[in-house]
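Protein chains in written order, with our numbering: chain V, 10 to 536; chain B, 10 to 536.
Take these hints with a grain of salt, some might be off.
You can't tell identical chains apart in this list, so a pair holds if it fits in one copy or across any two.
Stated by the list, open to error - With a straight-line cut-off of 20 Å between C-alpha atoms, the simulated SDA-like cross-links for lysine to any residue are:
1. K144 with G461
2. K144 with G113
3. K530 with R516
4. K530 with E133
5. K144 with R105
6. K530 with P138
7. K144 with G117
8. K530 with G124
9. K530 with D130
10. K144 with E109
11. K144 with R107
12. K144 with T464
13. K144 with D505
14. K530 with G117
15. K530 with D150
16. K530 with Q140
FYI, nobody ran anything at the bench for these hints, they're computed from the structure.
Predicted, not measured: the structure shown is a model, and the values here were computed from it.
Letter by letter, the chains look like this.
Number of protein chains: 2
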Amino acid sequence: MNISGELLIGRHAVRGGAGTIHAIDASTGATLEPPFGGATPEQLDQACALAWQAFDTYRETAPERRADFLEAIAANILALGDALIERCVSESGLPRARIEGERGRTVGQLRLFAGMLRQGDFLELRVDPAQPERKPLPRADLRLRHIPLGPVAVFGASNFPLAFSVAGGDTASALAAGCPVIVKAHPAHPGTSELVGRAIRQAVQELDLPEGTFSLLFDAGLAVGQGLVADRRIKAVGFTGSRAGGMALMAIAAARPEPIPVFAEMSSINPVLLFPQALANRAAAIGEAFAGSLTLGAGQFCTNPGLVLAVAGEGLDRFLESAAASLARIGAQSMLTRGILRAYCNGVGTLAQHPRVQAVARGQAGNDMQGQAALFCTDADAFLADEPLRHEVFGASSLVVRCRDLAEIRRVVESLEGQLTTALHLDAGDHDAARTLLPSLERLAGRILVNGFGTGVEVGHAMVHGGPWPATSDGRSTSVGSLAIARFVRPVSYQDMPADLLPPSLRPDSPQRHTWRLDGKPQGQAD
Amino acid sequence: MNISGELLIGRHAVRGGAGTIHAIDASTGATLEPPFGGATPEQLDQACALAWQAFDTYRETAPERRADFLEAIAANILALGDALIERCVSESGLPRARIEGERGRTVGQLRLFAGMLRQGDFLELRVDPAQPERKPLPRADLRLRHIPLGPVAVFGASNFPLAFSVAGGDTASALAAGCPVIVKAHPAHPGTSELVGRAIRQAVQELDLPEGTFSLLFDAGLAVGQGLVADRRIKAVGFTGSRAGGMALMAIAAARPEPIPVFAEMSSINPVLLFPQALANRAAAIGEAFAGSLTLGAGQFCTNPGLVLAVAGEGLDRFLESAAASLARIGAQSMLTRGILRAYCNGVGTLAQHPRVQAVARGQAGNDMQGQAALFCTDADAFLADEPLRHEVFGASSLVVRCRDLAEIRRVVESLEGQLTTALHLDAGDHDAARTLLPSLERLAGRILVNGFGTGVEVGHAMVHGGPWPATSDGRSTSVGSLAIARFVRPVSYQDMPADLLPPSLRPDSPQRHTWRLDGKPQGQAD
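Model the full structure from these sequences, guided by the hints.
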């Protein structure tokens, strides 16, 4: 499949008429062909009109058909074969094995939602049957299902060009819910975006779905993204990216005549807590594993460990020595874009010049497209006194905060903003100390993990990739895992509705009703 | 129990130091004793500090204990006996039977959430067990529960001084979720608020819960409410009231350093659709029932039928005659406050003077505290041309829109903003017509009901009292029924957490785990 540089507006591939984006080889800085045209306001309007037109039809497709659709997207992505992998490696600068793994995750994610649709319980059906004899008033028959919100605008992330982009978690969960999707492609990987977009468009055609079910737009500036969020036919937004970007979209969404929800996953420094017993027993091993997590994908993970908290002492010193030795062996890696590299270098530079921050180690130096890992150290007083030390430095940079005792660790934890993850390294003798911190940590993060790092995000049913502000704009949501579908649906209650007017899933004789609640009590059993 | 006019800040009853509110007898206009003092900024800060202090303890109380707490509140409200009923009738101007019924609903609502807590499944537990042998990477053990957001600020409504006020649905669902609650009392029923607040405070003491679990504040202006929503320790807001009020709180919440969700139930005109066959068969009966729903509680219901759509013709004429005749027999009723009465009279006056609106009927005239019901008529062209005709007139006023045909009804429906309810009056011969409108109606409202009116809101599991903007600030939520608890919780995932550090509900040997999902599949059966 060739890359044409065109927008995908429903079934049509058309040249964007508003400015041009060039893909850049992230490892070499070379410009890649072809150029991509940004969407004009008219082209944006067409995509929105088609999405709105598709909505009522698409949302009432049988869940099994949407499952087939998601599986067809997965198959079509795999069928792109090496062309997709090579383009994606080139645009992202990420290693081939990582991109292949990410493709597996993307396809697995689509299949997870397909399985959920076949199981049928994402509708969260509820039935409170009529009680005509009830005193003093009879009770009406009430039946509840969830319906999709409407067309969803998806803003892909640069750091996961497959799993958090055109066919990533936001798109998969919105399509599963029954929402048409318009993706605003990330300018860092337009060719990858077009290839995946064509795979989705092909699945729309294979399943004979309304063409407006999916569109893909490029944006040579900010106008397309802003216009999408402002468009009256868009009913929700999925975004992964910077805090400033997420907040800008939230402001647009809140100022609409009809405000809409924005699910933005924005920033996190993912505190790692090292407990005394674990440090005493295995400081060196933890330090080495930490260096691996810190530098994975050049540190360009939302769940990258940007902050380490521990009580000062011999154990922490050994952790630092080990981490420093490991970092010194790790080569510099290409970063996703020049802009990200620049921001990373600025962030590291600010820390390096901070009067109360000490440099612990650097990774190997690289060329002018590559980021050099960095590890810094400070004490709790300095950290608590200087708010900017809490800011995310996107990339392989981390700050270790030496604390006097557990109480000081708690003060630092309580001073932090919301996080996606927090990781605890502990042994049996640390459980009591960990237990006292857990209430603070639960209030802090969406995922708490033990003896690991947050950089592996399992796509499952019990995963939360979300957390209190500013990790996400809505801490009640997750953008990874099957619970992500809940973002894009709303409940509707049907009262005394004749059976032939009820949606199929709520009819008394429904063959689809897999799991439901009768007067609040769950019915139906796992098979 | 005497009414003292004091704030309830945790266990202390203290005189508010910022201004004074006087309760007014809604039927006579007389000032009622005692005066109530508004909270100072320091008193507001105390209530927030206590709520925050209570949070970690209260949220980890066993669900059974919170169930006992909610049932104790219900018992204490009932124990207030006639003193509560009389004060509430006096402050609201609503009939005694209505207030007694509302007390039953309030108590039933508390017990519904108690039952849900005993059942234990509001936590929506999920377990994806470890797969140490999985290739290429082992799978970690992931366990998910929902935890409460934090202290919740509740703003009661004037029109349901018990069921949507101090111990109403917002408070009941927040307390059930594990959130401490601070209520900003509605100035229209401060005595009722204090009595109910004392009933809750007594239950806090009976169950030996942290004193900050509940506080009640009066506000002589807007500062206390605004300050509450802006306070960093408040993590969510429940509000029922005007659109302007809800939007003001949303703006404050969005501008915080940490934005928080506001669940505001604001405005709705609840379109009623009369289908041809139903009108042919029983226009007069529908007209009479409509007049009853319109004037219930002086029309001061969020679900009051403020708009009627039907195809012009003989059937609609008979409906109008019947409704007019019924209204003429219905006496004027006291309205909740002078301000509401004034706004109602203004709204009715504007309609009466509108060049393209015809007056159909008025209810009986009353005294200067009473609202006189009003029914108007216009045509679809006029309605579509003049946006203000779509605005809510809070009270017993409704506008009938004569349409040419079903297509014009659809155009009117599609022109409307989001609604709490829409009601369809139809007979067997109308099903095909109704079916074609259902997609539009599902996008329009949170509850669709057949051959009834929205003014009865059942407190159950399949109820939705919510709807797209501006019916509510978040159309994905309901403020009535057991699903209301979902507003106040967020998911947290625990990865590879040792059993003794897991919360009790997620331990492998948990006795509490009533319903849960294993690898996404629901487990456990209704008993």
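Here is what the structure says about each hint:
no.	hint	verdict
1	K144 with G461	between (58 Å within a copy, 18 Å between copies)
2	K144 with G113	between (58 Å within a copy, 12 Å between copies)
3	K530 with R516	within (18 Å within a copy, 23 Å between copies)
4	K530 with E133	both (12 Å within a copy, 13 Å between copies)
5	K144 with R105	between (69 Å within a copy, 19 Å between copies)
6	K530 with P138	within (12 Å within a copy, 25 Å between copies)
7	K144 with G117	between (52 Å within a copy, 14 Å between copies)
8	K530 with G124	between (24 Å within a copy, 11 Å between copies)
9	K530 with D130	both (14 Å within a copy, 9 Å between copies)
10	K144 with E109	between (64 Å within a copy, 15 Å between copies)
11	K144 with R107	between (65 Å within a copy, 15 Å between copies)
12	K144 with T464	between (57 Å within a copy, 18 Å between copies)
13	K144 with D505	within (18 Å within a copy, 51 Å between copies)
14	K530 with G117	between (32 Å within a copy, 17 Å between copies)
15	K530 with D150	within (16 Å within a copy, 28 Å between copies)
16	K530 with Q140	within (17 Å within a copy, 31 Å between copies)
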